[in-house]
Amino acid sequence: MILRYFYDDRLAQASYLVGCAKTGEALVIDPARNIAPYLKAAAREGLQITHVTETHIHADFVSGSRELAAATGASIYLSDMGDAEWKYAYAADSNVILVRDGDSWMVGNVRIEVLHTPGHTPEHIAFQLTDTAASNRPMGVFTGDFVFVGDVGRPDLLEEAAGYVGTKEVGARAQFQSVARFKTLPDYLQIWPGHGAGSACGKALGAIPSTTLGYEKFANPAFQFDDEDAFVQWLLDGQPEPPRYFAQMKRVNKLGPVLLQTLTRPSLLERPQLDALLAAGSQAFDLRDRGAFARGHVPGTINIPMEETNYTTYVGWLVNFDCPLAVILPELDVLPEVLADLRAIGVDNVTACFGPTVVAQASQPLPLIAADALAGLLGSDNVLVVDVRGRTEYNAEHIRGALNIPLGYLPRRLNEVPSDKMVVTQCAGGYRSQIAASLLQAAGYTNAFSLTSGESIWSELLPTESAA
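Numbering-wise (our numbering), the sequence shown opens with residue 477 and increments by one.
I should point out that these hints are in silico values taken from the structure, not numbers from a laboratory. One or more of the hints may lead you astray.
Said to hold, decoys possible - With a Cα cut of at most 20 angstroms, we get these calculated SDA-like pairs of lysine to any residue:
no.	residue 1	residue 2
1	Lys679	Asn786
2	Lys659	Gly714
3	Lys644	Phe694
4	Lys498	Tyr483
Said to hold, decoys possible - Listed next, with one range per pair, are the computed distances between beta-carbon atoms:
no.	residue 1	residue 2	range
5	Arg657	Glu783	38 to 48 angstroms
6	Ala695	Thr785	20 to 30 angstroms
7	Thr785	Leu808	50 to 60 angstroms
8	Asp713	Leu661	19 to 29 angstroms
9	Thr740	Lys516	42 to 52 angstroms
10	Asp798	Ala943	32 to 42 angstroms
For each residue, glycine too, the CB sits at the ideal point set by N, CA and C.
Generate coordinates for the entire structure from the input sequences, incorporating the hints supplied.
Laid out in structure tokens, this is it:
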């Protein structure tokens, strides 16, 4: 048997290729939309991808199952579990095979058995693997967004991101039963999860790529509960704010993502066209680094620097999927990387791109402020600090008097931010605060500043308090 691991650092997302060396057949589990790594790995191993599957309707990235099946002729195995609301809309396609709890299929000499593990989503399934050439006992389980290293998948996304009210407690109780089922499985089983640290699909994911069920039974908090109500309270408490684009991903993956070959490449344009696009209501994200944007940028653009690995998360928070998007690139040669990154989260509406020289004329700076300069202004009725961190971060410690609006919620809560005051946006290190300040400036705020000092500095220089 051949097992290969793929990991997308930007999405903290894992996928897997399982191959049978004897027959040359291969299965890919939870593929990303960029299928090139799987095709290269299969070719390197002398394998043909004949099967594609996924553990559930993903909320945090565009599934590559349809893309990979179209490129290879593989069959797609999809969950037929859960309620009618979360069935795949393309389940009737000729290359789709629906599977339920207890079903199995062979990939050469490798047996894949379906385990229904609802909780994160109603249709969620895991895949138990047995290398029959070596043993009649299973080797491990691909758990998707069910069991992570040190955590389990959050059950609140259908409610918090997709708007299905009343589903998160139901999901939490289903997750308790799924954990109880796994408590009965052998300790030796390897666990291959669908995400690592940094994913918003849980609240405390570990950074180790794999684990064993036995280790999780004594180290994972989710496995320590015998009382269902206590488990539900623990699981729902402290979950991070789900990025806004999760609702879009649910829709896209349920309906079936369009193939990349049908998308058009954005046009490379000049400054007059950018000004016209902004005047017509298009969004424009400037992907240059924070320093370059602060020194000068095109009025109306929002800074989401590529310098952070997970910059696409913030694109997903702020992008309007219903209108054209323009991007200003730090270098023109990064366009293929940017398109791959954005299309991974379903941002297919990039119609125009611009090189860094587009800001050479008629640019404006972004005001910055350090903690020592802010210290003398705090307490004034004319100054408001807006803390754009998540609520858990804010509750742990925050600048006294700061208004907490997590970054992704800021566009919908602008009415809470007065335009007649000096507004200072603040986060833990300066990245999110600059995005927020640029967003306010683009929305017409003329006195928006970004706090440049990180938490280790502002927590010492400025008066702070805890919400506890």
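Now for the hints, and whether the structure bears them out:
1. For the proposed pair Lys679 and Asn786, the alpha carbon gap of about 16 angstroms is at most 20 angstroms, so the pair holds.
2. Note on Lys659 and Gly714: the hinted pairing is violated, with a Cα-Cα distance of about 24 angstroms set against a maximum of 20 angstroms.
3. The hinted pair formed by Lys644 and Phe694 fails the criterion: a straight-line CA distance of about 26 angstroms is larger than 20 angstroms.
4. Pair hint Lys498 plus Tyr483 does not hold up; C-alpha atoms about 26 angstroms apart against a cutoff of 20 angstroms.
5. Against the hinted window of 38 to 48 angstroms, the Cβ-Cβ separation of Arg657 and Glu783 comes to about 43 angstroms, which satisfies the hint.
6. For the pair Ala695 and Thr785, the beta carbons lie near 26 angstroms from each other, so the given range of 20 to 30 angstroms is met.
7. For the hinted restraint 50 to 60 angstroms between Thr785 and Leu808, the CB-CB distance of approximately 21 angstroms leaves it violated.
8. The hinted window of 19 to 29 angstroms between Asp713 and Leu661 holds, with their beta carbons roughly 27 angstroms apart.
9. Here the CB-CB span from Thr740 to Lys516 is close to 26 angstroms, at odds with the stated 42 to 52 angstroms.
10. Taken as a hint, the range 32 to 42 angstroms holds for the pair Asp798 and Ala943, whose Cβ atoms sit roughly 36 angstroms apart.
Violated hints for the displayed structure, listed by number in ascending order: 2, 3, 4, 7 and 9.
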